[in-house]
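**Student:** Following the hints, put chains E, X, U and L in place on chain F, whose structure we already have.
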Amino acid sequence: MTELTKLNIDYRLPKKNWMDTPAEFKQGMFCHGSKPKDLESVGFPNPREWSPKDEDWKLPENWKEIIIEGMRERLDKYRSFRLFMDICVRCGACADKCHFYIGTGDPKNMPVLRAELLRSVYRKYFTASGKALGKLAGARELTKEVLKEWWYYFFQCTECRRCSVFCPYGIDTAEITMIGRELLNLLGLNTNWIAGPVANCYKKGNHLGLEPHTYKSTIEFLLGEIEDITGITIEPSFNRKGAEILFVTPSGDVFADPGNYTCMGYLMLFHELGLDYTWSTYASEGGNFGYFTSNEMAKRLNAKIYAEAKRLGVKWILGGECGHMWRVISQYMDTWNGPADFLSAPVSPITGTKFENAKSTKAVHIAEFTADLIRYNKLKLDPSRNDNLKVTFHDSCNTSRGMGIFDEPRYIIKNVCNHFYEMPEDTIREKTLCCGSGSGLNASENMELRMKGGLPRANAVKYVREKHGVNMLANICAIDRAALPALMDYWVPGVAVAGVHELVANALVMKGEKERTTNLRGEPIKSVKS
Amino acid sequence: MSYELKANRRQFFKILGISALSGAGSISSLFALTQHSSLSTHHLGKRWAMVVDMGKFKTEEDYKRCIDACHHIHNVPDFGNPKDEIKWIWTAPYKNAFPEQEHEYIRDDIKNKPFMVLCNHCDNPSCVRVCPTKATFKRQDGIVAMDYHRCIGCRFCMAACPYGSRSFNWRDPQPFIKEKNIEYPMRTKGVVEKCNFCEERLAEGLPPACVEACKDNKALVFGDLNNPDSEVRKILSSRYAIRRKPELGTQPGVYYIV
Amino acid sequence: MYDGNKIITGLIIFACLVTFPFLYNFGKANAKPDPKLDTPVIQQMKEKRCIETKEFMRANHMQLLDEWREAVRDGKRVYVNSSGESYKISLQNTCLKCHSNTKEFCDECHDYMSVKIYCWDCHIRVKS
Amino acid sequence: MFEKALIGNRGYWGWIALLLSIALLLSVMTIGFITYLRQLNYGLGITGMSRDVSWGLYIAQFTFLVGVAASAVMLIIPYYLHDYKKFGKIIILGEFLAISAVVMCMLFVFADLGQPFRVLNIILHPTPSSIMFWDMIVLNGYLLLNIIIGWAVLSAERNDVSPPGWVKPLIYLSIPWAISIHTVTAFLYAGLPGRHLWLTAIMAPRFLASAFASGPALLIILCLIVRRITKFDPGNEAIQTLGKIVTYAMIINIFFFALELFTVFYSKIPGHTHPFKYLFFGIEGQGKLIPWMWTAALLAIAAIILLINPGTRKNENILMAAAVGVFISTWIDKGMGLVVGGFIPNPFEEITEYLPTAPEVLITLGVWAAGLLIITMFYKITV
Amino acid sequence: MGISFSLLAVIALMAIAYSGTKFANLQFLFGVVIPYLAVITFIGGVIYRVIKWAYSPVPFRIPTTSGQQKSLSWIKQSRFENPSNTAGVIGRMLLEILLFRSLFRNLKLVVSEANPMELNNGERIIYKSDKWLWLAGLAFHWAFLVILIRHFRFFAGYVPSCVQLLESLDSWLQVGLPRFYITDMIILTAVTYLLIRRFVIPQVRYISFAADYFPLFLILGIAITGILMRYVIRVDVAGVKTLTLGLVGFNPSVPEGLGIIFYIHIFLVSILFVYFPFSKLVHSAGVFLSPTRNLSNNSRMERHINPWNYPVKIHTYTEYEDEFREKMKKAGIPVEKG
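Chains as they are written, first to last, in my numbering: chain F, -4 to 525; chain E, 234 to 491; chain X, 206 to 333; chain U, 10 to 392; chain L, -19 to 318.
Chain F extracted, bound-state conformation (with noise of 0.2 Å):
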């Protein structure tokens, strides 16, 4: 493989066996450790100051058995871990689909190999031909190498899920990652940035630590700004007991650049609609950074969204943009705290259609809901006021290959926008590439891993920027919308990065709104100019 530009990356490999090749923590390549504090609020074990560049990462006595009585209880409670332990053919087809080894070619960073981590310590101490025959059979024994070799690894997949696409047998690394975080979090072998949002969401109700009255006057900001464009005065109701629906998005919209400007979305649709709904300050969260350190911490984050819809006697819940709180509340959360049976089955108050596919867990992605509106006409638009964008979109890992939301979000987009460009069909929809921050890497320590790991998502931005002059970046996912501005500087300048309901909501023709001259973001909208 030929070598790129700006990165220069090195696709040859060891000639040693990768085994005989330590981890080698490379700058930037790696977070902060876990702060003692954030471990100590949740309850996690092994508190105590350390960092990943230590020699000494000051583990318990017995951290050997920890992690192996650990591993011996999830193959027992997780099919999936073992029998991805046990039918890897080593094939090599996913080799080249993960964005970290694309852009860093580190082996390592193959799917594969990244399971071997793992499956050579479950070979050397759960089967019989890995004890008996060790290397030859693919064995290692677990040493505190193997350990850092873990945690540094672990911490470069972003449980994207491209390469089960692409496996003959579906094995998904973003399990085996998932497993081996857990087993690291036994030790309290965490990273800052994941340790310290989970802290905070547990106690604070959201990632960022937003107490309640900061969380209400931060939107009230927004709607300031929201009056100032469009002349209309928005009023939105907090823990409402009796609203018809609560309302769930990451609070990461709320807070920053340019997720605010999605959730100045949220309420102008909301508000021009007449919705009967609220926020919630207490489940101010719709991310679950939980679920990247272990099951029951993504469950005990989780609980708060049923137990707050529960308490303010809503009929359903709808939730914000956001990409992993939608895997975990598609496919973990009903099983975790339901069955939600004080809810009833979502039904669009506007056009009256049921949401079939969300009959069990009552809670509907608002891609689903504003898709439904504008097919039935509930919308005034004029895409003309987004003129100044040419669009592209990005799926997020987490909708594409853990729910399958590719159609809904391109209808809206359609609807909004007059200049849709797709990228090229490898990278999009179900074979998506990463933003290359997920899963918790969205931190500043380590940016050049996520620049190297968003490396193939912006080479396919950069296409068509050039093909086309694409200049808006639009998804559905909050850390996209925190991370990919970073990436697009950086590879890709000029690109902007926002939510679709940003966009929605520029195009928005609102009931006794002034004639806008700016949109969201302050910019003059084309069609005014001209």
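Some hints here could point you the wrong way.
Stated by the list, open to error - The list that follows gives simulated cross-link-like pairs (lysine to any residue, SDA-like), each with its CA atoms no further than 20 Å apart: (1) F/Lys126 to L/Val254; (2) L/Lys56 to F/Arg370; (3) E/Lys344 to E/Tyr473; (4) F/Lys426 to L/Lys111; (5) F/Lys143 to F/Ala302; (6) F/Lys72 to X/Glu252; (7) L/Lys293 to F/Ala302; (8) X/Lys302 to E/Arg434; (9) F/Lys462 to F/Asp421; (10) L/Lys32 to F/Asn57; (11) X/Lys321 to E/Asp405; (12) E/Lys448 to E/Thr324; (13) E/Lys328 to U/Pro173; (14) E/Lys279 to E/Asp405; (15) E/Lys448 to E/Thr292; (16) X/Lys302 to E/Glu416; (17) E/Lys316 to U/Arg47; (18) U/Lys94 to U/Tyr181; (19) X/Lys211 to X/Pro226; (20) L/Lys111 to U/Tyr181; (21) X/Lys211 to L/Lys32; (22) F/Lys130 to L/Ala190; (23) X/Lys211 to L/Tyr35; (24) F/Lys375 to F/Leu264; (25) X/Lys281 to E/Leu435; (26) F/Lys32 to L/Phe8; (27) F/Lys119 to L/Leu261; (28) L/Lys111 to U/Lys94; (29) E/Lys316 to E/Arg298; (30) F/Lys139 to F/Leu264; (31) F/Lys126 to L/Lys111; (32) F/Lys126 to L/Glu303; (33) E/Lys413 to X/Ser305; (34) E/Lys411 to E/Asp317.
To be verified - So the derived label-pair ranges between C-beta atoms look like this: (35) F/Arg516 to L/Asp302: 38 to 44 Å; (36) U/Leu133 to F/Thr16: 49 to 55 Å; (37) F/Ala127 to U/Ser164: 42 to 48 Å.
Note that these hints are calculated values from the structure, not bench results.
Small disclaimer: the values here were computed from a predicted structure and weren't measured.
A virtual CB, placed ideally from N, CA and C, is assigned to each residue, including glycine.
**Tutor:** Here is chains E, X, U and L on its own, set in the frame of chain F:
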């Protein structure tokens, strides 16, 4: 030793002369020289040939005897219709067997006289040239033979044969063979077949079946052209004989005395 | 979720498939093939033997026949066997002269082994 | 409710048409295949062929389709050698037409074999003196060449990159190769002693001329259909250029045919005149092909008149009609006329006539359906 | 190391069978005892492995969704790529198992020069369609299956007509006597390809170890001995069938004079049977259990039950309000308690 040398030299000049005559450089002679050289047989062993003395065929029985002898021993089926017909040796009127040599004022008895026709076992067989699998091949002794195990039934040879000597098994012949000769195999559907000059009998030292069938009146004479003392050579040097479509240069091995 | 029923069903199907050869033959008496040699010609032979040893013929007769097919091409009609005896190359006139009982001789094993041959498309089996 | 199923845009109707035609093609293929099994069981006697007319409809189709396959060069030469960019969009259509035509050729030869189980004998016992051996080589080579080129070009197009460098030499190679497939096919006939209709040195040029008329004519028909039922537009100018190619090729084809007529009838060599007499006038009251041959002749003349006049050629409907005319005319002339005519009269100057039987026609339709299915699939990928 | 070890292991196995029958006259051991043990191990082993997997539950519904979900009525669902019911799952599994659907998607990463006519961005990462692995894998597995079924003629007194049909299709080309099997050629070509790609593709070589080479060499050994036995070093097949029929009829007998090559062949097959359940070859059973493929994506429609779901400690609303009540009241957010 010296005699051999002389003989070889003589043959060499003969070869030169003949290739000059046949128009050296023409594509057909190129092919002929490469694979199944028409010249090679003349100096190696036998060159089987047949003389058909048409004057000796008088009654219908004379023809039938020969045909039946051949068709019976070779298990040639009788389908009873011209579409599926298979024939190794049969009759055709003079005007059809020799269309180029027909003219208005030819003797009536000749014009409509049935002539014995069969595979000519040409020196220069176009059927051999075109066969894509060498299922049809020319033996050293001049017999154009077929390997029924190898024939794929493409029927290119049928298109190439200017004498209509080849038949194709359009369907399974087995039920249409009245009396099977268990000494000789049948053919399967989908292969081409034709007269083989009774090569299986020659191997036993026997004359072809048709020749034997008319041994009383010697209407068919069979022998080795390379042997100056053979009966065929004697007849050919003493009587005027013609061959079918000589202009095509195939050099048939069946001669007719009219 | 265990899906135990589905897995057990699957395993039963698997076990049935693998043991199918055993089940298929259960209680069946599978007679060995017994090619008959009692044709008049063979009966008259002083020493009853084929052109090569029985073992050789059993394993290799098809190859021999395949080679014999080529005889028509080069006019080589004599087969010299391993002990130097000569035979005329002809399925029709050598093999079938002795083994005129193709049904009891050839078919016996071919049916047993489920080997379909196309010899009889052309070569004539004598009706016994 | 129900009317919703009846209202739709072009894409919708294109889709419906596609599904219907695939279903139709599949069922025709199935019928053809079942009939082929019958032929396998009974023998080729199930066809109308006989001892005298030993090649028929199958080989006629084969001969004709080799021409269609070869005609892809009529796009390749202008596009790659003369940089005629207007052919950019249809070049791949031509390539795929060539692939499916070659596949059909092979199926027809296969259907014509008496012992298809032994087909590998051609390779196991290679015989360079046989033109059929060379035809096998060139046809397979051409198929391989077109598959490789088509695949490489298409996948490069899909990724919007230039095709790999090694494709160019292959494309150049495919030009003489295309000429070769039809030349070698002509040699199948032209080298046989005693078949007067075929024994002519201009057989190969005649084949090429008729190929360059019939192939592009078929491509015009396909382009116009594709344009009508999908959003894919091959480009008006490209279609018009194809029309001009058909015009010239058809004129040359007729010219060559006239040359044959002159040689035959001025020399008055009886054997050479007989097939022509049989085809156009019949001999001894036998002449089943007379209406076909005159149809071919009239269609050819009519098509040339329509094509030669720019006013009529530019009218898409007339162009379509002329293309259909050329296609049918060459199909009759080169298919049935040439192959069957070569066998009549037989070497004994007797007339044995030939008409295909129903099973023969069904098998033929089955092969055509297979070819059309391949082309439909390919065009689906492209369009 | 893995390559030579595996090759030597297969050669050693052949040598064992060779010397065992040639010098030690252990025909009964190699022809009867070991095959019986192998079949028992195979059945028992596979069942053991599957039961072991089965004992671990599927706690969550985690299908990999490779197509549009079932959503609004007017959006076309990919029924097989993202199934929402059992029928869809069956379709997806059939596509996966019979046609290797996922592998069919395979792409090859290429860093390419951009099309100079369209772009000027220098290098581009493109993904070329790469179907060779799919083709070789599919060809190998299907050929293997056909060969397996074909061998049933050795295990049935009367060979069922479907097996006869399969066999006649496999040998429809009249090449050689006995007729040449097309699958023999396919399996040799495919296994050779699979082996060679392990040697030459650097990434694949890097991830391969002995357990990846050994089965390929073993299967190659089986195929080659089988082919040799049919076409070159022939054995008395009727004798072989006497042995095999004896095996399946529990009435084993070893006929005299079966060629050594037969014992090598059956020994290698026995080794494959024994090796199968305890190696990566169990993927053939495992693929049926793969939760990313065999589950419908209906977890929002129907609740999936996790048998070990247990209550967890959560930060309740009451605790939350207790902590922030004053701030909430001040901000005008409703509270439960005064």
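**Student:** Are the Cα positions of L/Lys111 and U/Lys94 separated by 20 Å at most?
**Tutor:** Distance of about 31 Å is beyond 20 Å: violated.
**Student:** Below or equal to 20 Å on CA atoms is what counts here, so check L/Lys56 against F/Arg370.
**Tutor:** Distance ~14 Å between L/Lys56 and F/Arg370 Cα, so the pair holds.
**Student:** Measure nothing beyond the straight line between the CA atoms of F/Lys126 and L/Glu303; if it is 20 Å or shorter, mark the hint as holding.
**Tutor:** Answer violated: F/Lys126 to L/Glu303 is near 53 Å, above 20 Å.
**Student:** Given the proposed pairing of F/Lys126 with L/Lys111, does the C-alpha separation stay at or below 20 Å?
**Tutor:** Distance ~37 Å between F/Lys126 and L/Lys111 Cα, so the pair is violated.
**Student:** Quick check: does the Cβ-Cβ distance between U/Leu133 and F/Thr16 fall within 49 to 55 Å?
**Tutor:** 52 Å, holds
**Student:** Does E/Asp405 sit within 20 Å of E/Lys279, going by the straight-line distance between their CA atoms?
**Tutor:** 35 Å, violated
**Student:** Has the given pair, F/Lys130 with L/Ala190, been kept, meaning a C-alpha gap of at most 20 Å?
**Tutor:** 9 Å, holds
**Student:** Given the hinted pair F/Lys375 and F/Leu264, is their alpha-carbon gap at most 20 Å?
**Tutor:** 11 Å, holds
**Student:** Taking 20 Å as the top limit, are the C-alpha atoms of X/Lys302 and E/Arg434 close enough?
**Tutor:** Given pair X/Lys302, E/Arg434 holds - Cα atoms ~18 Å apart, limit 20 Å.
**Student:** Holds or violated: are the alpha carbons of E/Lys316 and E/Arg298 at most 20 Å from each other?
**Tutor:** 24 Å, violated
**Student:** For the pair we were handed, F/Lys126 and L/Val254, check the Cα-Cα distance against 20 Å.
**Tutor:** 18 Å, holds
**Student:** Could you tell me whether the CB distance from F/Arg516 to L/Asp302 stays inside 38 to 44 Å?
**Tutor:** 40 Å, holds
Going down the numbered hints, you'll see the structure goes against 5, 6, 10, 13, 14, 19, 20, 26, 28, 29, 30, 31, 32, while the others check out.
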